[in-house]
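**Q** Sequence:
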Amino acid sequence: QVQLVESGGGLVQPGGSLRLSCAASGFSFFIARMGWYRQAPGKQRELVATITSSDSSNYADSAKGRFVISRDNAKNTVYLQMNSLKPEDTAVYYCNTYPSRFAWGQGTQVTVSS
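Position 61 of the sequence shown, counting from 1, maps to 61 under the numbering used here, and the rest follow consecutively.
In short, the hints are calculated from the structure, not lab data.
Incorrect hints may have been included.
Label-pair ranges, simulated between beta-carbon atoms [to be verified]:
| id | residue 1 | residue 2 | range |
| --- | --- | --- | --- |
| 1 | D61 | T111 | 18 to 24 angstroms |
| 2 | R45 | K86 | 14 to 20 angstroms |
| 3 | K43 | K64 | 16 to 22 angstroms |
| 4 | G26 | T52 | 26 to 32 angstroms |
| 5 | K75 | Q1 | 16 to 22 angstroms |
| 6 | L11 | S62 | 17 to 23 angstroms |
| 7 | S62 | Q1 | 30 to 36 angstroms |
| 8 | D55 | L11 | 28 to 34 angstroms |
| 9 | Q3 | S84 | 18 to 24 angstroms |
| 10 | Q1 | N83 | 30 to 36 angstroms |
| 11 | A60 | G15 | 18 to 24 angstroms |
Under the rule of at most 30 angstroms between Cα atoms (straight-line distance), these lysine-lysine pairs were calculated in the BS3-like manner [stated by the list, open to error]:
| id | residue 1 | residue 2 |
| --- | --- | --- |
| 12 | K43 | K86 |
| 13 | K75 | K64 |
| 14 | K64 | K43 |
| 15 | K64 | K86 |
None of the values given here were measured: they were computed from a predicted structure.
Even glycine gets a Cβ: it sits at the ideal position worked out from N, Cα and C.
Turn these sequences into a full structure, and let the hints guide you.
**A** Here it is in structure tokens:
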């Protein structure tokens, strides 16, 4: 049974940082290309960043230079370090494979507000 459990979200002021974690289980994580996605209120879910099994990463234009995706295959966990956060980063953040193959987890809420 596949599980994707996101954590690490919260309320942060503009310019602040957060580190999201996603614990994955039930599939071959170490060979999977993983992605972080987000969905803001009233908007469609969008891809934020991806990382391959060999640690090659790609970012949406909105995340370039501010976010860093990483993974720990020993822990079946993918991370998203988010710096210089902006109000427009407010969303529920999810992880999944890329392309997404599994049911979405509950996500973790990130709110950027003063």
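**Q** Does each hint hold? Answer for all of them.
**A** Comparing the hints with the structure gives:
no.: 1; hint: D61 x T111: 18 to 24 angstroms; verdict: holds, 22 angstroms
no.: 2; hint: R45 x K86: 14 to 20 angstroms; verdict: holds, 19 angstroms
no.: 3; hint: K43 x K64: 16 to 22 angstroms; verdict: holds, 19 angstroms
no.: 4; hint: G26 x T52: 26 to 32 angstroms; verdict: violated, 20 angstroms
no.: 5; hint: K75 x Q1: 16 to 22 angstroms; verdict: holds, 19 angstroms
no.: 6; hint: L11 x S62: 17 to 23 angstroms; verdict: holds, 20 angstroms
no.: 7; hint: S62 x Q1: 30 to 36 angstroms; verdict: holds, 33 angstroms
no.: 8; hint: D55 x L11: 28 to 34 angstroms; verdict: holds, 31 angstroms
no.: 9; hint: Q3 x S84: 18 to 24 angstroms; verdict: violated, 31 angstroms
no.: 10; hint: Q1 x N83: 30 to 36 angstroms; verdict: holds, 34 angstroms
no.: 11; hint: A60 x G15: 18 to 24 angstroms; verdict: holds, 20 angstroms
no.: 12; hint: K43 x K86; verdict: holds, 17 angstroms
no.: 13; hint: K75 x K64; verdict: holds, 26 angstroms
no.: 14; hint: K64 x K43; verdict: holds, 20 angstroms
no.: 15; hint: K64 x K86; verdict: holds, 13 angstroms
This entry does not satisfy hints 4 and 9, going by the numbered hints stated previously.
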